[in-house]
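K.L.:
The primary structure of each chain is shown beneath.
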Amino acid sequence: MNTKAFQKVYTKIENITKATCTVKAQGITNEEMAYVDGRPAQVVKIDGEAVTLQIFTGTQGIATNAEVVFTGKPPTLKVSDELKGRFFNPFGHPIDGGPEVNGKEVEIGGPSCNPVRRQEPSELIATGIAGIDMNNTLVTGQKIPFFADADQPYNSVMATVALRAQADIIILGGMGMSNDDFLFFRQLFENAGALDRIVCFMNTTGDPPVERLLVPDMCLTAAEYFAVEKGQKVLCLLTDMTLYADALAIVSNRMDQIPSKDSMPGSLYSDLAKIYEKAAQFPNGGSITLVAVTTLNGGDITHAIPDNTGYITEGQLYLRRDTDVSKVIIDPFRSLSRLKQQVIGKKTRADHPQVMNAAVRLYADAASAKTKLENGFDLSDYDRRTLEFAKEYSEKLLAIDVNIKVDEMLDTAWRLFGKYFTKDEVAIKQVFTEKYWPAEK
Amino acid sequence: MSTQGKVVGIVSNLVTIEVDGPVGQNEVCYINLKGTELMAEVIKIRGKRAFAQVFESTRGMRTGDTVRFTGHMLEVTLGPGMLSQKYDGLQNDLEKMEGVFLKRGQYTDPLDRVKKWHFTPLAKVGDKVKAASWLGEVKEGWVPHKIMVPFDIKGEWTIASLASAGDYTVDDVMATIKNAAGEEKKVTMTMKWPVKVEVTGYKDKPRPFKIMETGVRTIDTLNPIAEGGTGFIPGPFGCGKTVLQHALAKYAEADLIIIVACGERANEVVEIFSTFPELDDPRTGRKLSERTIIICNTSNMPVAAREASVYTGMTIAEYYRMMGLKVLLLADSTSRWAQALREMSNRMEELPGPDAFPMDLSAIISSFYARAGYVNLNNGKSGSITFIGTVSPAGGNLKEPVVESTKKAARCFYALAQPRADSKRYPAVDPIDSYSKYLEYPEVVAYLDSTVEKGWADKVMRLKDILLRGREAQDQINILGDDGVPVNYHILFNKSEVIDFVILQQDAFDKIDASTPLPRQKFMVDLVLGICDSDFNFDSFELVSAYFKKLINLMKQMNYQEFESDSFNSLKEQLMAMIAERRA
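Chains as they are written, first to last, in the numbering used here: chain R, -19 to 421; chain L, 15 to 598.
Note that these hints are calculated values from the structure, not bench results.
It is possible that some hints are incorrect.
[To be verified] With a Cα cut of at most 20 Å, we get these calculated EDC-like pairs of lysine to aspartate or glutamate: (1) L:Lys48 with R:Glu11; (2) R:Lys399 with R:Glu372; (3) L:Lys570 with R:Asp404; (4) L:Lys153 with L:Asp166; (5) L:Lys168 with L:Asp218; (6) R:Lys25 with L:Glu363; (7) R:Lys241 with L:Asp374; (8) R:Lys241 with L:Glu364; (9) L:Lys62 with R:Asp27; (10) R:Lys326 with L:Asp369; (11) R:Lys241 with L:Asp369; (12) R:Lys307 with R:Asp404; (13) R:Lys327 with L:Glu285.
[Claimed, not checked] If you want the ones that stay clear, here's a sample from chain R, every Cβ over 10 Å from chain L, calculated: (14) Leu163; (15) Asp187; (16) Pro239.
Quick reminder that beta carbons are idealized off the backbone N, C-alpha and C, glycines included.
Model the full structure from these sequences, guided by the hints.
P.N.:
Structure below.
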């Protein structure tokens, strides 16, 4: 790190913890970036002349006489169209061997959108996955996480969503992502010929955890550039937010803050909301849609991280392995998209809401039939039919490897209804059954 | 010369300031950050050091930045022109702000200073007046907005001059008043009031005795809320808290609705912004937005302003209450407010209470809820604030500090139950865990006797008993199996299902079912109780559920029809015939 004339340099560090150090300095501004022995750091506390810095890469090997250089400005990112197709570290420096990006330098973690300037999200995002498009339709400007256990293929599902979503720009933020997964994403985007629409900020498992704290803000600063200034549809992928929250907990712990539920900082809700609420539909037609991953610990959604996330996001998607058809499906019971009402039956065919509900209801009947079977009770003819239906519904519609248009999904559902049930059992409004009920064979 | 100070410490939005003069607790100050003034509130003082929470991001602030103290607490500006406005937590008019993003240090006027209002005097020169006496009124939309003597006036004053009927701006002098000591004061249409202090210029605050109709059956019939009462709605995410609050905002029988969106999703507020101007108020036929004020401090807006937002909402409600209006104040969600308190308490390194919330959380919540209520004004009129807050308990656990503290303060408890939401039984208010203390008030019971029907409260208790017995029967059936219990258990359970499906469940998205007036609720309750009180003959349990499903379906259809219309009556006749068939 070369020091410049106007930068303040100090060499007397008073305190060092695993993630922070304190130095006596004057005229330092809150949240400004600094370099401690060349390592990036940020001011998190000022008490008189004692300035506490959070060192992103950890404090191993830092000595009390290490050189502390203050830059006088908060973390920034240079934004321009040159970002497209590039891979960066959490500080916005290229990791793909390419040159530094030129462009307007903007502070990351900028102000929030004025609520009265937001538009109501109303544009459907088609993913081809029926478990999403039919049952939990996504809308531009929405924020939604996958709640997934570590062993589930959430990253590949998310990559599929990203590639099919017809977004102008895809921004990938990796927090504690395994290097293998990073290479998978890179390969996938490259093979799909989508590399020119990708911007990626990456912190892998090998990188220091505190660094992750910058990733969402970097991603969203880039996203705001494309959405607000260029009026483009931006899809932002953040994985894994649980590891982000863990990094928050580490820092708050080092700063001697009192932990609240599950050892998380008391400000977890606000910290997460600041990120997720960046998802918005802007008046100029641009939008930021945020799809995140929150990994669960043994499916426990009462843990502070998924719990706070659930209160912030507009629904959640669950993956589940269906052993009957031996495929991963989008769980139709626990998954929810709060914004689907804005588009289903309006932007899609009018029978969509009713078909969706009827299919899920019949699938629920199949679940209770299964319980009956497991408890050794006799099955009725209806029970048996629901079980047959459930199998086919799961395979043809819920499985994540499905890739069809919404109309085809609805037609498939009607075909299954006709195959296994009577009109009374399906109980859909007459106008629709007249139009769509499959002809008798 | 007012007190000045200098910043000496910064942690997130908590700033330590060294002051050169007197400083007050909760005093507002402005920190000069490179020419932009950032508003802050003093929350602790130790010697020469004041600790202030900044209502904005403190990024870029440095030690030595100068601070200007204002000598007053956080205030709102009150006057005509607040209706249908969208404010942030500090009462800045969001529409007046420039740009797509909120700019730090941008404060906008909550009132329109240019618009002229037509003033009609209500008092005359020489009248004796006190704080909050009515001097005149202007029409704010359809609300008769009273121009009042400022609330901070002490003792008795005399009107020395009063403007005649005509058009004036909010800053024009409408009256001058004098007291015995010869002091003179000019009165305009506006005044300021500190948000953390209750407006108390009323005569007394009796116990609530009237019911506030909300149109939501599970509230009005089973656990009614009183006009001037308090209630809260806890529930895990995805249980329909916000849908229920929106239903209350749309259909409750109030003159004025103030919605405080406190630390919740911005898209939900956007939905209110876009739907309310379209929707009609079923009582007046005017647009809903005309009777609504929205205080909007969404989850990504500064945390300290989130805490202020509930107080801003309450103070505006109190202002309108002094005009003799019926105000409904909704806050979604009070948990976010409590979390804001927790964040600050944590930064000030106070010893924590349960779940790291501040020790005085319970007291803060109680004193806030206590500001609601029904009041008699000095001029014989009355006004009220009914307050309903939602609580978002961590992990859906109702044993957490915010729920427990609120339970001590609020008189109505509407618990949203996850199992009900999972089986799409909306509104998901649990009929057995929820309660309304107002049903125990003799004055409320007497009011129900005279307005609904003599003995109504007893009927409500009967409904609750049947629901409870139904649940017990259901438990037995689940343990012993369908044919392991007497047929009677199935009948008991299905009777409770009738109440559940016909009275408790309500379709918030259906035009007719969304809101049910009390007379119609009474009609349906009588119908349902008629069924519950009948003895039925069944040979086997299989017949029971099929029969009741048909009854329920008929009555659900009735709920979707215009009350006492032909289709409604014909469904009713079919129902009666079905009941007669099976009755023992």
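K.L.:
Against which earlier hints does the structure fall short, listed by number upward?
P.N.:
4, 10, 12 and 16
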